Each structure stands twice: as structure tokens, then as C-alpha cells.
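> Here are the chains, one letter per residue:
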Amino acid sequence: MSLSLRIEDLRKSYARPVLGGINYQFMPDRVYALMGPNGAGKSTLFRLLALLEKPDHGRVIYENGPVDILDDMNLRRRITLLLPESGLFNTTVLANAAYGLRLRGVGRAEAKRLAVEALASVGLEHKADQRALTLSSGESQRLALARAIAIRPEVFFLDEPTASLDPENREIIEEALLSMRGRTGIILSTHDRTQAEKLGDVILMLKDGKLSEEG
Amino acid sequence: MHYIILVLKDALSLLLHPSRELIGVVVLSMLVSGGGLIAAAIAGLPLAAFLAFSTRFAHLRTVTVHLLNTFMGMPPVVAGLALYLLLSRSGPFGVLGLLYTPSIMALAQFLLALPLVAALSHSAMVAVRPEVILAARSLGASPFQRVRTVIYEARYGIIAGLMAGFGRVMAEVGAVIIVGGNIKGYTRTMTTAIALETDKGDFELAIALGILLLAISLVMNFSMYFFQRKGKYQ
Ligand SMILES: Nc1ncnc2c1ncn2[C@@H]1O[C@H](COP(=O)(O)OP(=O)(O)OP(=O)(O)O)[C@@H](O)[C@H]1O
Ligand SMILES: [Mg+2]
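Note that the protein sequences, when read in sequence, are chains A and B.
In terms of our numbering, the first sequence opens at residue 1 and continues consecutively.
In terms of our numbering, the second sequence opens at residue 1 and continues consecutively.
Bound conformation, chain A alone:
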């Protein structure tokens, strides 16, 4: 059972306005593909939705049934954002994959088991003991994905998860996402329309500070 997510009149400006009052209701366990030109504010929207940054105005509301979830840290641990830069820790591949589990107090052995499982889902289990910063960029991006998969988010945001990857790595990541479909709310951004259509139940367009659904 995953969370539902609603945004109300969400606004954010930096030097100039980026998001100009967005309203939307995301349904649980659906896959949304977010498109929009460079600088449209997709990454900004993700940071607000993932509760990493505060909006200037408006609200991000998570609901599980009729009750609003108020405890911020608890809620933040049920969602995650995969960033375009992998931001790996300078530890082993396995320690990276286990990081979110260890944060949540999962014991060492159990965390290792789940982390290896997550690594296997992106084809990195044989690199468990390698230093993470020695991975190629495709492997790094896959590890970042495994690190997020390991914590089994109920809503999973992915900011351009396959940008600048070769077809093979792109395929691995798409497969991993497809296998989560229906169990997890997924919102991913992409500049690739084919990918948006392949993965998304709903295609969203962010443009001129407004969010709209596409056919």
C-alpha cells in the first residue's frame, strides 16, 4: 500500500519565478513521467515533493488513507528522490546500497542481505566490495538507483534516471523500474518521449511554471 500525494498551489521562485501555483493529485502506485524543457523547474519540483526544500507558498500533502501524516522525518523516510548526480559515498558499493537501511536502524546482517538484493536488481552484486567512486558513470547511476530501491520507498522520485547513459544501462534501469510498477508510486522526469510513453501511466508536462496532463 503506498502513499497518495497532493500538491496545492505550489509556488517557488529563485531569481525569477519557477513554479507558479501548481495543483495536482498523484494517485498511489501509478507511474508518472514528467517532461518539460530545460530550466522548466522539474528538479525544483522534485526537491519540493521529496520534502528536501520548502516551497515559497502552497503545500505538499501526503496521505495514507484519510489521515494526514504530520511527522516529517518519519514521512521523509517513506519517500526518496534519486538525483541526476549520483552523489555516491566514498565507501564500498555494498555500504552505499545499505546506507538508507542502516539509517533506519536495520541491523548489519539484514541490511547487507537487502542491499545485495537491491544490487542484484541493477546487476551490480558482483561489485559489492569495490570502492563506489571507482565505478563507471553508468554503474554509478545504477548504484544510486539500488541505494534508493533498497529502502523500498512508497513514493519514488527519479530526476532524469537515465540521462547520458548508453542503451544497455538505460535498459537495466528501465527494467528495474518496471519491476516496481504497481507496488510503488513512481514519478520520473525525462527528456525522452519514448521512455515517457514506455514507463509512464500518465505523462505530465511542466512548462511556464504550470503542470498539465497529456493524453
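Worth flagging that the hints you see were computed from the coordinates, not collected in a lab.
Predicted model, so just to flag it, every value in this text is computed and none were measured.
Built from N, CA and C at the ideal position, the CB exists for glycine as well.
Here are a few chain A residues that face chain B, going by a calculated C-beta distance under 7 angstroms:
| hint | residue |
| --- | --- |
| 1 | 50 |
| 2 | 52 |
| 3 | 73 |
| 4 | 76 |
| 5 | 77 |
| 6 | 80 |
| 7 | 81 |
| 8 | 85 |
| 9 | 87 |
| 10 | 90 |
| 11 | 99 |
| 12 | 100 |
| 13 | 103 |
Once you have looked at the hints, place chain B with the ligands on chain A.
Chain B with the ligands alone, transformed into the frame defined by chain A:
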């Protein structure tokens, strides 16, 4: 040339059969330098973390960072002079009677190492890439866990800061000779003993201590090298 070889031989035999005086000097050095450095780490690492992570007291933090960077380059004799003036019989803290004691030497070492340890660990912490910190947060790190992760990511730089502090306190002569007084059997350290023995023309002890200092430095550097290599690519 012949003379140097003779002196070296004497120095080596002194190291192999150390006198009570030599042992005392080495032990005091370790206590004074080690104590000062440990205190500098205990105070300096939280200070660095505060400077790196606090979102409050912005002006105070900026000023502190500049002060640390300034004091990092302070000549030890100047630190010694300042401490001397404060603690001499007629100074404001003269009644404490701390001048010419090992305690005050450790304090001097602490003051010399603190800016180095704090400033270098601070710059290591702020150098951690922002996307790593954002990733930690998005994976569910609480504020405290985020700080812990950043410190862990900065560990090599922090160790380098501690090593720099260690180098400074081990090499230190100027301040400890002023505030410690180089009293035989009480406040004489390896470096102040070298200064004195050389002055007297008794090179055996000076050379023996010099070799020891180099050896300690070598051991520390090797440990650091292996530690850092472990963190690099294998
Ligand atoms: N922290 C920030 N400070 C200042 N301006 C920012 C900041 N973050 C984003 N912006 C600005 O907000 C606008 C939207 O940026 P954002 O990264 O959200 O776009 P995007 O849709 O993700 O673009 P892309 O497709 O290129 O990734 C840009 O003009 C950007 O310069
Ligand atoms: Mg972006």
C-alpha cells in the same frame, strides 16, 4: 667527517642503551605534545563541525574561520611570548604559578594545534560535495545522521588536519622553551634538549633525539599513507 661518524656512533649507542634522562625527555615530549594534540582534537573537531553545519551565527562563524586561518600561521615564539606575559609572576594569571610547568607547555601546544586541526577539518567538511549531502538527506538521514555522514566523507581531510597538528606539536621549540623554561628533568622536551645540547656542543644526545623525532614522524606518515590509500581506488 671522521668526527661526525664518531658522534653518530655514540648517538646510536645512546639510543640502544637509553639513559634515564633520555627516556624522561621522550616521555615528557609525548605527554606534552600528545596531550596538547588530543585536547586540540577534542575542541577542534566539534568547533569545525559547528562552523561547517550551523546555519546560525553567520557572522560569528565567518570571523572564527578567519581567526583560525590567521592563527594557523602564528609563529610559536609569539604564542609563547603571549602565554609568558599572561602567566609570569607580574602577569594577570601569575598567581596560578603555572609558568615553567609541563601543564602550561601542553596548553601552548594545544593553542598552536587547535587552529590547524579546526581549520583543516573545517575545510575538509565544507569540501564534501553538495550532491552527496543531498543524497544523504533524500535517503532519509536526520540532521544528526547527515552531520555524521559528512564527517565520515571528510575523514581523510580530517586525519590530514590531525597529522598537521601532530607535526606542529612535535616540531615545536619556540613556545615550549619560553613557557617551560627547558628545566632539566622537569620541562625539557626532545626539541628543547636538542637546542640546548647543540648549543653546548654535546651532539650525541642531540643527534639521538633528532633520529627519534624523524622515526616518529616516519611512522606517523606511513600510517597516514596506508590509511589514505585504503580510501582511494584499489
Ligand atoms: N538553488 C537555486 N538557486 C537559484 N536558481 C535556481 C536554483 N535551483 C534552480 N534554479 C533555477 O530554477 C530554474 C529551474 O531549474 P530546474 O533545475 O528545476 O529545471 P529543470 O526543469 O530540472 O531543468 P533540466 O531539464 O535542465 O534539468 C532554472 O532557471 C534554474 O536556474
Ligand atoms: Mg533538472
